[in-house]
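Student: Sequence:
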Amino acid sequence: MFVCLCNGITSQMVADAVAAGAATTNQVAAACGAGTDCGRCRRTVRAIIASGSAERPGAEGVAPPCPRGLGS
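Using our numbering, read the sequence shown as starting at 200 and increasing by one per residue.
Mixed in with the good hints there might be a few duds.
Label pairs and their in silico Cβ distance ranges [as the list claims (entries may be wrong)]:
#1 Cys205 with Gln226: 25 to 31 Å
#2 Cys205 with Ala253: 26 to 32 Å
#3 Leu204 with Ala230: 14 to 20 Å
I should point out that these hints are in silico values taken from the structure, not numbers from a laboratory. Cβ atoms here follow ideal geometry from the backbone N, Cα and C, with glycine treated the same way.
Take these sequences, add in the hints, and give me the full structure.
Tutor: Structural data, given as structure tokens:
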């Protein structure tokens, strides 16, 4: 799926940048170009960063979601 239409950047390209260590929208922009033009894709880029952080072992500040009906 295309994330950044201005620069033709796909969600896989953003995910690859995150897997390589990009942890902010500016770092993703520097790595692959997503968000460097109009900026409308930055919300989606942030969501990909968040999902990539949750999948990395040892990701700080990311707690797994609590299943409904459990925990409170």
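Student: Now look at each hint and say whether the structure bears it out.
Tutor: Status of each hint after checking the structure:
no., hint, in the structure
1, Cys205 with Gln226: 25 to 31 Å, "violated, 18 Å"
2, Cys205 with Ala253: 26 to 32 Å, "holds, 27 Å"
3, Leu204 with Ala230: 14 to 20 Å, "holds, 18 Å"
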